[in-house]
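Starting from the known structure of chain E, arrange chains G, R, H, D, Y and Z on it as the hints suggest.
Residue numbers (UniProt numbering), protein chains in the order written: chain E, 1 to 250; chain G, 1 to 250; chain R, 1 to 250; chain H, 1 to 250; chain D, 1 to 250; chain Y, 1 to 250; chain Z, 1 to 250.
Be careful, since some hints might not be right.
[Stated by the list, open to error] Ranges of calculated distance between the beta carbons of each label pair, as one might list FRET restraints:
id, chain 1, residue 1, chain 2, residue 2, range
1, Z, I99, E, E219, 40 to 46 Å
2, E, E219, Z, D105, 35 to 41 Å
3, D, E62, R, R44, 50 to 56 Å
4, R, D184, H, F102, 43 to 49 Å
5, Z, H127, E, K63, 28 to 34 Å
6, Y, K240, D, N172, 31 to 37 Å
7, D, E62, R, G129, 53 to 59 Å
8, E, Y103, G, D105, 23 to 29 Å
9, Y, I56, D, S204, 27 to 33 Å
10, G, Q246, R, G129, 50 to 56 Å
[As the list claims (entries may be wrong)] Derived DSS-like pairs: lysine-lysine, alpha-carbon spacing no greater than 30 Å straight-line:
id, chain 1, residue 1, chain 2, residue 2
11, R, K63, R, K169
12, R, K115, G, K115
13, D, K115, Y, K63
14, E, K145, G, K63
15, Y, K145, Z, K179
16, Z, K53, Z, K63
17, E, K115, G, K70
18, H, K245, H, K115
19, H, K115, H, K221
20, R, K70, G, K115
21, Z, K101, E, K70
22, Z, K70, E, K101
23, Y, K221, Z, K228
24, G, K221, E, K70
25, H, K115, D, K169
26, Z, K101, Z, K55
27, R, K53, R, K63
28, Y, K145, Z, K55
29, Y, K115, Y, K145
30, E, K101, G, K221
31, H, K101, H, K240
32, E, K169, E, K240
33, E, K115, G, K145
34, H, K55, R, K115
35, E, K53, E, K179
36, D, K63, D, K245
37, G, K228, E, K179
38, Z, K240, Z, K169
39, E, K145, G, K221
40, Y, K115, Y, K70
Derived from the structure by calculation, the hints contain no laboratory data.
Backbone N, C-alpha and C fix where the C-beta goes; we use that ideal spot for every residue, glycine too.
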Amino acid sequence: MGLSMAAAYDRAITIFSPDGRIYQVEYAFEAVRRGWTTLGVRTRNAAVVVAEKQKISPLTDEKAIQKVFKVDDHIGVSFAGMAGDGRILIDYAIHQALIHKFYYDEPIPVEYLTKLVCDVKQAYTQHAGVRPFGVSMIFVGVDEKGTQLFMTEPSGRYLSYYGVAIGEKSGNVTEFLEKNYSYDLSARETVKLGILAIASIVESRPLQDYIEAGYIDVETKQFRIMGKSEIEELLAELEKEGRLKQEGRK
Amino acid sequence: MGLSMAAAYDRAITIFSPDGRIYQVEYAFEAVRRGWTTLGVRTRNAAVVVAEKQKISPLTDEKAIQKVFKVDDHIGVSFAGMAGDGRILIDYAIHQALIHKFYYDEPIPVEYLTKLVCDVKQAYTQHAGVRPFGVSMIFVGVDEKGTQLFMTEPSGRYLSYYGVAIGEKSGNVTEFLEKNYSYDLSARETVKLGILAIASIVESRPLQDYIEAGYIDVETKQFRIMGKSEIEELLAELEKEGRLKQEGRK
Amino acid sequence: MGLSMAAAYDRAITIFSPDGRIYQVEYAFEAVRRGWTTLGVRTRNAAVVVAEKQKISPLTDEKAIQKVFKVDDHIGVSFAGMAGDGRILIDYAIHQALIHKFYYDEPIPVEYLTKLVCDVKQAYTQHAGVRPFGVSMIFVGVDEKGTQLFMTEPSGRYLSYYGVAIGEKSGNVTEFLEKNYSYDLSARETVKLGILAIASIVESRPLQDYIEAGYIDVETKQFRIMGKSEIEELLAELEKEGRLKQEGRK
Amino acid sequence: MGLSMAAAYDRAITIFSPDGRIYQVEYAFEAVRRGWTTLGVRTRNAAVVVAEKQKISPLTDEKAIQKVFKVDDHIGVSFAGMAGDGRILIDYAIHQALIHKFYYDEPIPVEYLTKLVCDVKQAYTQHAGVRPFGVSMIFVGVDEKGTQLFMTEPSGRYLSYYGVAIGEKSGNVTEFLEKNYSYDLSARETVKLGILAIASIVESRPLQDYIEAGYIDVETKQFRIMGKSEIEELLAELEKEGRLKQEGRK
Amino acid sequence: MGLSMAAAYDRAITIFSPDGRIYQVEYAFEAVRRGWTTLGVRTRNAAVVVAEKQKISPLTDEKAIQKVFKVDDHIGVSFAGMAGDGRILIDYAIHQALIHKFYYDEPIPVEYLTKLVCDVKQAYTQHAGVRPFGVSMIFVGVDEKGTQLFMTEPSGRYLSYYGVAIGEKSGNVTEFLEKNYSYDLSARETVKLGILAIASIVESRPLQDYIEAGYIDVETKQFRIMGKSEIEELLAELEKEGRLKQEGRK
Amino acid sequence: MGLSMAAAYDRAITIFSPDGRIYQVEYAFEAVRRGWTTLGVRTRNAAVVVAEKQKISPLTDEKAIQKVFKVDDHIGVSFAGMAGDGRILIDYAIHQALIHKFYYDEPIPVEYLTKLVCDVKQAYTQHAGVRPFGVSMIFVGVDEKGTQLFMTEPSGRYLSYYGVAIGEKSGNVTEFLEKNYSYDLSARETVKLGILAIASIVESRPLQDYIEAGYIDVETKQFRIMGKSEIEELLAELEKEGRLKQEGRK
Amino acid sequence: MGLSMAAAYDRAITIFSPDGRIYQVEYAFEAVRRGWTTLGVRTRNAAVVVAEKQKISPLTDEKAIQKVFKVDDHIGVSFAGMAGDGRILIDYAIHQALIHKFYYDEPIPVEYLTKLVCDVKQAYTQHAGVRPFGVSMIFVGVDEKGTQLFMTEPSGRYLSYYGVAIGEKSGNVTEFLEKNYSYDLSARETVKLGILAIASIVESRPLQDYIEAGYIDVETKQFRIMGKSEIEELLAELEKEGRLKQEGRK
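Looking at chain E on its own, in the form it has when it is part of the complex (with noise of 0.2 Å):
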């Protein structure tokens, strides 16, 4: 179908096109797309999110902006897309998973809680008056099932992954990602690998600056967002090893 029919099925979200596409859906993960890249590794040992931070202007203040999140204890998650969107549905989540604890007494398994942020996503995708979420998410955490890593769509469709990028870059990332993926990293090295990863694209320097990552390993089961320091320490073994260069581009 050419672009002049295309053009006449993606303006209301609640249709489907003759090829039974939802366009909506489609231009929504497109803002994904446009979004700074974002990874999530698991291996048998550790579950990682990675994220790149890109310099907005000289006087923005990168160290506060967040896209690395602790949802609960056990789970972590980033996104990538429209930023209002992405917080909003981080909101949903704690509070989800705070309530399962309160009723519960137990840590909501990842999945649910993934499941659930995917019933609201799916919801908008359905009903006329809302567009989508333009927002896909990487939830990483340990629960009875091991180490667990879900990335959600707009469309509500979440799939497991070991690995993952989402976002402009997300192509560089994947392929860097499934030439040193190794599903028995230690969780040290399971880091390591998500943090190379981004730090392969990530253009400014200091990198520390421009990189936020948090991780979970099967060990102390809580999620826990990288210091700054943490990071650079990382960067600089990278290095040390030969793996990484990070002089030059700023």
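Positioned in the frame of chain E, the structure of chains G, R, H, D, Y and Z alone reads:
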């Protein structure tokens, strides 16, 4: 009626075209046709649903993609089409089965459950402000009437089948089923028929990673989602019998 | 008025065309005309509904497709058009009959029940945000006034008939009925007339698998859905009488 | 204003055209003009409604088609236009008359009842999301003011008449009434005038099967729907008087 | 602005045109201009409303068409435009006057009542989903401020007048009033002026059948709808005075 | 941006044009510009609103047209634009002032009242289904901060002025005010300045019939609507001072 | 994408364009760009907002135009864009700060307050029937994390800055800030930097009449709106230091 006129009637869900069709419902069926292939088969002794899973990316965790669900002890379901839509309706079915058991202290009849789900589907084809569900579901089960199999359409219509396939390669699978079906197959042969039919269209290897299945027989009256090793075992048996060749494409 | 002008008035349910027609209601009637053929006949002694079933695929279970329904002890119904819509209205009718019996402790008059269903249909032609029901129904029954038969239209209008056919081949069936109808037929002959009329347009074999029928007579005042063997018996009788040839096409 | 401009203003109920007209209301009147012909006549001594019934098909039961209704002991009504719409408003009128009698313990005045029905009609011309009622009604009755006759329009306007006809052949009937009307007719002659006027445009035979009538006189103050034999008797009388010829077309 | 642009702004009630006009409100005024002519006059001693009635058909009962209404003991009203709309607003006014008397135990001031009606009219020009009222009303009355006369517009604006005419032939009537008006007319002369002004544009005969009038004077402070004989008497008086010729057209 | 593009963005209230404007709000301002001219002036000693009244027809009662309103003892208001809209907002202001006095037992600050009215105006620019108010208001008053004058715009913005004019001839009036304004005018001179400014653009005679005014001074802190004789006296004084010539046009 | 296609996607708030953008949100940003220039600066010791005021007319009271608001003791705010929209959101912020203090008995964190406001903004970009807020706000404050500065966008996104400017001349102001900013400025120098930056683009004289400012320092933790004389004093100081020339344009 030519294409340009069709275009005039297919943009609002609540209207008929001059020939009495509702285009949005038909386009929703296209979403089903674009989905991964899923089949259902029932014989005197058993009923089975088998679903294809495709490789999305090298780091997707196919194990975690669920296409076959247990609705109640005696009912299972699979679907083709939009995953988010399917999940909503399956949750609804599980909930309705639970409520029925709670109120009447007996398992919900399979057709009655199917009807409840189809009532929701129908409503989404008649009221403005929503779109139809872009999903077809296959319910299988055993109740007082013996083995049961219903396929639901986006219009809210459902039909009873001995064998049915939906999704991308449903044509090939249906053809296969029509050639090989017999009402008197044993429970084990019923399952093997279903798995063989899907195996014939799965392109990734090893097959057991890309096939999901569940079945119920008239003896146990318990729907069971099959483990990976069970599927592997049946595939091996089918290969030994000369009915299947697993090597080749990956 | 030419086609292009018609196109201008038929897209919104709640409006009239300049010649005082509501196109959406007329298009809904097209959905009825596309449906499987169904007839109703009533004589002094009995009232019958007979419906055609078509072969959808070799593995469909035609036995499980229900086109004739018992609404109450003394009322039956069949329909032509969109199956999902029909189911909703039949459920509504069953529910209303039940409520009437509960409140007044007497069977609901057939016309009153028909009116209740048609009130719903009418409302769906006058309010925005919904489409008309794409279904016509034939109610038959026996009450204080004797045998009754009403056919309801998507507009909410209903009429009383001695014989009426709706759906794809209603033209042929109506012609047949007009030639062979007599008010004084016995109950058995009434049923045979109905079955013969539908049999004349059914193309699949054996006929008993593709014909569904129900009747009520003034003696028993009980609506009964006929078993397959009953239909088979009547077909044999009709053949013996030289009124029907069952061989041939399948 | 030419046709193309009219087309621009007639699609949304709640708007005026530049010349202050509401096209949807005028188109609803077209639905009335397409209806079967109905008349009302009132004289000093009686008020009558007479309606034409047409042959729909050889197996329709014209006897069961009701065009004249009793609203209360002292009020009757008939209508032309969309049958489903008419039924809704007549039910409403019956209900309002009942409520009035219940609350005030006296019969509802004919004009007041007419006003209540017209308030509903008016509302359906001023609010979006609904269409006007495609029906005109003729209320006749006797109350403290003597014989009464009101004709309601789809706009919600009503007028008082001595004689009025609506529907397909209202032109001929009106002409007939204007020539033959006299305020001082006896009750019996009033009824005969109404029946004669309708008889003049009915094409099917025997006439009594295609004419429905009801009347009220100032003596009894009871509205009565006439039986077929009564109509037949009056027709015979009219024929004997040389005012009517019943043979011919069928 | 030319015609084609106007067409672009006049289809949705809730929007302004680029020159700050609301076309729907102006078109509603056209409905008023198409109405039968009505006038109001007030002098030091009395206030009167007089309305024209036209012949609709030879069998219409003009006596029963009411164009002048008593709202409360001290207030009367007439209108021009859509009859159904007028009736709704007059009912509203009657109801508000009653409520006021009930709560405050004193008659509602004429302007306050006018304002209440105009608040409803204004709301129907500012919210979507409704159309403006296609009616202008003339309220006359006597209260603490003496004689009162307000004319309400579809926009919800009202103005005070000594004399005003609305409807089809308001131009001629207004011209007549401007030439003959005097604030110091006696009550009787005030009524005669109003009747004479309408008589000058009524084309049917006898005049008293096609004129309706009501008045209130500062002595009685009671609004009275005039009987046909009263109007006839005044017409005779006017003829005797040589101010009116009644013969001629019919 | 040319005319044709503007046309594309100005039909729905709730949307921005590509250059960040909301056309409907700007068009509502046109309704203000078409209104009769009104001004407000405040000095150290007083604040005044003066409004022009135009001759609508020879029999209009200009005395009864009110353009200046008392909102509370210490606040007055006038407006330009659509009269119906203005009345609604003035009623709202009066009601809010009353509520404030009731709850806090002290007069509402002028700016706070203005803000409350503007909150309503803003809401009508941001939500669908309504149009903005086509009216600008000038509030004057005296409170703890001294004399106050606020002009509200259809957008919901308000600004404080020493002198401001709105409506048809606001350009001339503003020019006049800018030339003659002084903050230190006495209360009497302030009122005379306002009256002189409006008098300069009023075309009908005698002037006192076509000018309405109200003022408040810091001594009395009471807003007073001026009587016709007061205005007449001031006009005479102005004429004696050689600042105004009243003869001429009528 | 060319202009004509953009036009196709920007008329309904709730939809995405094919490249994942929401045009209405971007156009709302244009309303911000058309607003008067406002800046925010924060250093180790203080945070300041400074806003430009323009001359609207010779008789506007610029003193009364408020562009800088105190939200709570420790938080101030300014905005650029549509004044009516800004006022609504600032009221909302003040109310939320109050509620927080009431419930938790401690001052609301600056970022949390910003988030609450942005949640409202986001909702107005995702639901039909409303338009986004055409306003950006700069919140400054001091809380447990030290000085804080957040700029909110119409999309509901907010970012932390050391210095940021919004509105008509934000380009020049931003450039100026980037050249002269230092994190270690004293509180007084921080305020002077902000005032100097705005002074550089203000065209009216005297400057103190057209500049509004508010600041908070880490010592007092109290947000203060500056008096005109304070601003005058700082301007004089800046002039003495040779950093500013006040003469010239008026």
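Here is how each hint holds up against the structure:
no.	hint	result
1	Z:I99 x E:E219: 40 to 46 Å	holds, 42 Å
2	E:E219 x Z:D105: 35 to 41 Å	holds, 39 Å
3	D:E62 x R:R44: 50 to 56 Å	holds, 53 Å
4	R:D184 x H:F102: 43 to 49 Å	holds, 46 Å
5	Z:H127 x E:K63: 28 to 34 Å	holds, 33 Å
6	Y:K240 x D:N172: 31 to 37 Å	violated, 46 Å
7	D:E62 x R:G129: 53 to 59 Å	violated, 42 Å
8	E:Y103 x G:D105: 23 to 29 Å	holds, 26 Å
9	Y:I56 x D:S204: 27 to 33 Å	holds, 32 Å
10	G:Q246 x R:G129: 50 to 56 Å	holds, 54 Å
11	R:K63 x R:K169	holds, 21 Å
12	R:K115 x G:K115	holds, 25 Å
13	D:K115 x Y:K63	holds, 17 Å
14	E:K145 x G:K63	holds, 13 Å
15	Y:K145 x Z:K179	violated, 42 Å
16	Z:K53 x Z:K63	holds, 9 Å
17	E:K115 x G:K70	holds, 17 Å
18	H:K245 x H:K115	violated, 40 Å
19	H:K115 x H:K221	holds, 21 Å
20	R:K70 x G:K115	holds, 17 Å
21	Z:K101 x E:K70	holds, 26 Å
22	Z:K70 x E:K101	violated, 39 Å
23	Y:K221 x Z:K228	holds, 28 Å
24	G:K221 x E:K70	violated, 44 Å
25	H:K115 x D:K169	holds, 28 Å
26	Z:K101 x Z:K55	violated, 38 Å
27	R:K53 x R:K63	holds, 9 Å
28	Y:K145 x Z:K55	holds, 22 Å
29	Y:K115 x Y:K145	holds, 16 Å
30	E:K101 x G:K221	violated, 35 Å
31	H:K101 x H:K240	violated, 43 Å
32	E:K169 x E:K240	holds, 26 Å
33	E:K115 x G:K145	violated, 35 Å
34	H:K55 x R:K115	holds, 21 Å
35	E:K53 x E:K179	holds, 24 Å
36	D:K63 x D:K245	holds, 22 Å
37	G:K228 x E:K179	holds, 27 Å
38	Z:K240 x Z:K169	holds, 26 Å
39	E:K145 x G:K221	holds, 28 Å
40	Y:K115 x Y:K70	holds, 17 Å
This entry does not satisfy hints 6, 7, 15, 18, 22, 24, 26, 30, 31 and 33, going by the numbered hints stated previously.
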